[in-house]
Structure formats: structure tokens, C-alpha cells
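2 protein chains.
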Amino acid sequence: MLKAAHGAGAVAAAPFLRAAWGEDTPRAPIWIMRQAGRYLPEYRELKARSSFLEMVRTPELAAEITLQPIRRFPLDAAIIFSDIMTPLDALGVDIAFSPGPHVAEPLRSAAQIHALRAPDGPIAPFVGDALRLVRAELQPHVGLIGFAGAPLTLAAYLIEGSGSKEYEHFRAFLRAEPAALHVLLEKLTGVTIDYLKMQIAAGAQAVQLFDSWAGLHDLPTYRTFGIPYYRKILEALAGLGAARIFFALGAAHLTAAIAELPCEVVGVDWRTDLRAARAAFGARALQGNLDTAILYADAATLERETHAVLDAGRGGAHVFNLGHGIWPDASPDAVARLVDIVHGYER
Amino acid sequence: MLKAAHGAGAVAAAPFLRAAWGEDTPRAPIWIMRQAGRYLPEYRELKARSSFLEMVRTPELAAEITLQPIRRFPLDAAIIFSDIMTPLDALGVDIAFSPGPHVAEPLRSAAQIHALRAPDGPIAPFVGDALRLVRAELQPHVGLIGFAGAPLTLAAYLIEGSGSKEYEHFRAFLRAEPAALHVLLEKLTGVTIDYLKMQIAAGAQAVQLFDSWAGLHDLPTYRTFGIPYYRKILEALAGLGAARIFFALGAAHLTAAIAELPCEVVGVDWRTDLRAARAAFGARALQGNLDTAILYADAATLERETHAVLDAGRGGAHVFNLGHGIWPDASPDAVARLVDIVHGYER
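In order, the protein sequence lines correspond to chains F and P. Residues 0 to 346 in numbering that gives the first Met the number 0 are what the first sequence lists, from first letter to last. Residues 0 to 346 in numbering that gives the first Met the number 0 are what the second sequence lists, from first letter to last.
So that you can see chain F by itself, here it is in the shape it has in the complex (with noise of 0.2 Å):
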């Protein structure tokens, strides 16, 4: 059913695409959360000259940093270079990076999420002009990859403001404001649906919602608050061509909930043992989840981990990735190894 859903052509050829429209590939294809980025001489001189949101917001740069990763290593999948919050521009919150999200007026009351604005006209088009231009660059073989936030971790940035270990003030206020936490989940439900839609039109072959702070919750909790506008927003996407990947950080204990979720991939941190995923997770994709940490060790204890990746990953379709994002300080020279690794092991 779901193979039936997505189109022929270049995609039959897409190991990527194989992989996470459900085929048990002979190899896996790799790509890495946040390749296009920091760990990347290239970025970083972009960067010296351009500021964070500027980055974001002209096409051709963003282009030419989701690439940029592609031209160093064959990776089997692009991910359009931007951030979970640039969608909130059209809410009316002001944000700015350094580097990570600093709202300018977090969101504490129910006054302030009652007087958001309705996002009016499409949201963010510059990524989708971004998605176009890379796509004009790609090869067949290599697949493109949009996203999103979560709507429940997005709620967390908005209402503490920045990134936090705890996020007090987010936790206290879902308890406090139950239901002016709804009215805003909602409303970023809708965002996320148009947002994620306008990315496929614009050429995104797979997009994947990262539930960065999933992991704050109960399970209960994640139940009521993340769940249903979840499933709403990967409902609202079946048939329109793209996989839909959806990655949750430190959620080993909210699995039983992710598990009903409607999507063709399930990404996993690097806590979770990859079979254990695949009981959980049935007969989805699994994407993942060397810890990046690994980059760090000798060739020899990088060729065994990922070894050990790759045995877990198999039995059904695997997608490869670290399990987090790539850190700043990452070698390239480890990166090109993993990647020769992960393509030269027969499944």
C-alpha cells in the first residue's frame, strides 16, 4: 500500500527513496542529521560573511549549504538547510539565533498565544525556492529531504524562550495552561501542515518531523500534548508523494505512543538498540543511530560500531544516520569513512 502511494522514475533508482518507502535495500543508504553545517570548512565560510537568518531565508544560499555536504560525500539524501523555528515568522514571534533560537518575547500567557497572528499567504517561500534550486543541482540518485519542528517542541521554544536543560517555564505552563497549550499546538498544527505541504510541491521527496524535546515528557503527557497533532499533521501529508520520517530525541520511554503514529519512517536515537525498534516499530523504515559520539573514536572502533549499527538495522528497510545531529566539531575525514563504511557493507 504504502509503495503504491509514491511516484516510479527516479525514484525506483533513489536508494534512499528505496529504503524508506519500506525495501529491504542490499545496502543502506546514508545521510546525516545536519550535514549541511558547522563541521564543514565550506559552511563555516560562508557564515564568517552572512548572518544565521540570512542563510535561512536566501534561496541561494541555502541551496548552496544543503549542497555542500553532496559535493564532499556521496550521500544518498540531501536535507534542505534550515532551522525548526523558521515557520514562526508567520505567526508574528520574533527570533533570532546565537546560535540557538532566542525568542524575543517568549510566549506566558494565554493572552499572547490568543493574539498571534493567522499566518497570511504561504509560509517561509524562501525554502521553497531553496528546495527548487537544490533539486535543479541533485542528481536522480541522491533524494531530497524537507522537515519540520514537532509542534509540541516548538511550543517548548516559544513559551521558554531559548533552549534549556529542563524548560521550567514550558513545563509549569502546560500544567498551569492546559488549554491555552492546546489552542497554540493547534495553531502550529495548521502551520506545520501548510509549511510541510509547500516544501513537497516544491520538490522535498521525504520530510521528516524531529521532535527535538519529546523526552521531557511522560508518556501520558506526550499522549495528549504531541500525539494527536502528530498524527494529524503526517495524516494531512499521506498521499502527496513524500515519506513521511518522524524522529523523536530521548523518547525510548514514549515508544508504545510512536508506534501508532502514521508514517513510513521512524528515526532512533542512538539509545534505542535497532531491533528493539523494529519491534516496536513493525514494519516501518528504521533511520539511525550511530551515536556521534563515535566519530570521535580510532577507524578501528568506528568500522566495529557502525558494523554493529548496520547488524541491528537489518531485517527490514534501514536508512542510516548517526542517532543526533553531527556536532560542530566533527572531523570531515571521519564523516567521508562512515559514509565508505556504511556503502561498502552488504546487508
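Watch out, some of these pointers could steer you wrong.
Which copy is meant is left open, because identical chains are indistinguishable; a pair holds if it fits in one copy or across any two.
In silico DMTMM-like links for lysine to aspartate or glutamate, alpha-carbon gap of 25 Å or less [said to hold, decoys possible]:
#1 Lys164 with Asp93
#2 Lys164 with Asp217
#3 Lys46 with Glu165
#4 Lys46 with Glu167
#5 Lys196 with Asp339
#6 Lys231 with Glu44
#7 Lys46 with Asp193
Rather than coming from a laboratory, the hints here were simulated on the basis of the structure.
Based on the hints, put chain P in the right spot on chain F.
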């Protein structure tokens, strides 16, 4: 067996100690992680006049702060006011607080680890002095708890240099220099054993080992770099008359390893249902685990959610606590209500 190890007398009457040693008491005793601290106006008054380090290192101040929440609420245990980094002075490490710990020279090489000073004399004896002062003031039915940081969490701070979202430097070091990390963990284990023995000799009736950053690791990594050292510490404390509490944060995926540790009490964070914890940790007492954020909910929700935790804690010994430390802006009135609700609940 475990019960035979602790003294009778005062212990027989102290609800916290009865539950900690495994008795299925008719009411759950309660204490709160970080109960001595910033959410209390009387603490902030002292803090305005002294630095954090002065407060930790001056027995009269540390004792006063330890007693502040006991004077205000009918809590069943006091926990000594200190910090998990306190004993590291014995290794010659220079640490400041602002408010989190900042290590002047983070350990980023094997050479730095090998050069750490060997402890010379008692570890942080002012903590022992503070414990004696507290015990002299404390009524017999109120338990007294000492604590230490788990070596892998201490190593995380020492290598990273300060708190961090991802602990990139620490996790990279673990992969790049595993042998050096083992040397560091061995040193930290020795210090922790001496430090906790000193606290028990000074009057601590229970000691909690805090593994605040357990959640960073996958299970094989935790079994390699965490569990062996924790077992060594907990075994060294056996038979000294103090109940051993092990608490790891974000550790739902590490349950199988934690269940093997020799301790009387397992602390559980808010993300694991106590029924599941009961199944995993067998006959041990459970400690926890109301989501700290519930203190910000309305009174009816606070009562309902507290009852839900108390319900889940039945079927064995239960020490009520939050699922993590209380936050600085929590309301003392909500804490008063919480203590009343817990004490009013017949198990």
C-alpha cells in the same frame, strides 16, 4: 536481610527510614529533591549575603539551610545542603558556581587525568560537621540523608567543564580516550567511597548517589563506564547502617542495568510509571516521582496527580518525592499542599 543491617531505636519510629529499608508503610514518607534551596525566601535571604561555596563550606550555614525546609514543612527527611561537585576539591580541581558548576580547567587529556592530585586527608570534612549540627537539631522521626554524585556524572562535568545539553566534549572523550576515562572513574570512585563513608559516620542515615546525566548513554556504554563503579561504591557502603539510594535521571532505557545494583532504594524520575518500576526493581523501595511541573497546576490537579503517584507506588515500600529537583520559582504554598496530600493518603 537488609532490614537486619540497620539499627533499631530512633529508626523504628522514623517513617522515612522504615520505608527506605523496605517496609510497606501505611503512609508514604516524603522528602523533596533540592528541598533546601532557592524556592525558599529564607534561603534567598542567606544567599544574598554569602556565595554558594561559602554556604556549602561553612557548617553552620549548610546546617541552617538544610533545616530551613524542615522548619517550614513536616517533611520526613532532611538532605544535607551541598553540591555533587563538593568532594572534587580533594583531587585539586578548581570549580566555581554561577550558579551551575564551572571547571576552571576542564579535563580534556589523559595527561590531565593522570596528574590529578591524590586525596590527602578527609574529603570535604565540613560536610561531616554540617551533618552533625543538623542531626543535633533534627527530631528523631526525621531522617537525615547524605549524598554524592555518581562518577560518570562527575566525569561529565569535569570533562565538559560545565553543564551542557549534549556533553559533546565528554561523549567524544569517552570514545576517544576510554582508558583515560576509566582511570578518572576509578579515582572518582575512591573519593566517593571515602566521602560517603565520612557522611555516614557523621550521622547520615541514608545516602543517595545521584546520576544526573545517566540519560546520555546507551545501555552497553552505561554497563561499561557506569555500573561497575556504582556497584563498587554501593558495596563499600553495605553494612554501615545507612540505606543506599540510587537515582538516575532519564534512565528508563537503563532499567535492566540499574536493577542489578546493590541498594535499598531506587529513585525513579517522572517519566517512568512506578508500577513499571516496581516490576523492574523487585523488592527494593521506590522513591519518586511526581513531575515537578505539577506544582504549578491548580489545586485539584495537584491532588489528583499526587494521588495517581501514590496509587502507583502501592504494593511495596514507597518514599514519595518529586521526579527531579524542585525548581527555583516553585511556590512554597504548593509544597505545603503537596506534603499535606501525601501525609493524608492511606496506602
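Status of the hints after comparison with the structure:
With identical chains, the CA atoms of Lys164 and Asp93 are at most 25 Å apart both within one copy (22 Å) and between copies (24 Å). For a Cα distance limit of 25 Å, the shortest separation of Lys164 from Asp217 qualifies both inside one copy, at 16 Å, and across copies, at 19 Å. For the identical chains of this complex, Lys46 and Glu165 are inter-copy neighbours only, at 23 Å across copies versus 30 Å inside a copy, given an alpha-carbon limit of 25 Å. Taking CA atoms no more than 25 Å apart as the test, Lys46 paired with Glu167 passes between copies only; the shortest distance there is 22 Å, against 32 Å inside one copy.
For a Cα distance limit of 25 Å, the shortest separation of Lys196 from Asp339 qualifies neither inside one copy, at 34 Å, nor across copies, at 52 Å. Taking the shortest Cα distances, Lys231 and Glu44 never come within 25 Å of each other, neither inside one copy (40 Å) nor across copies (50 Å). Taking the shortest Cα distances, Lys46 and Asp193 never come within 25 Å of each other, neither inside one copy (29 Å) nor across copies (50 Å).
Taken one by one, the earlier hints fail for this structure at numbers 5, 6, 7, listed in ascending order.
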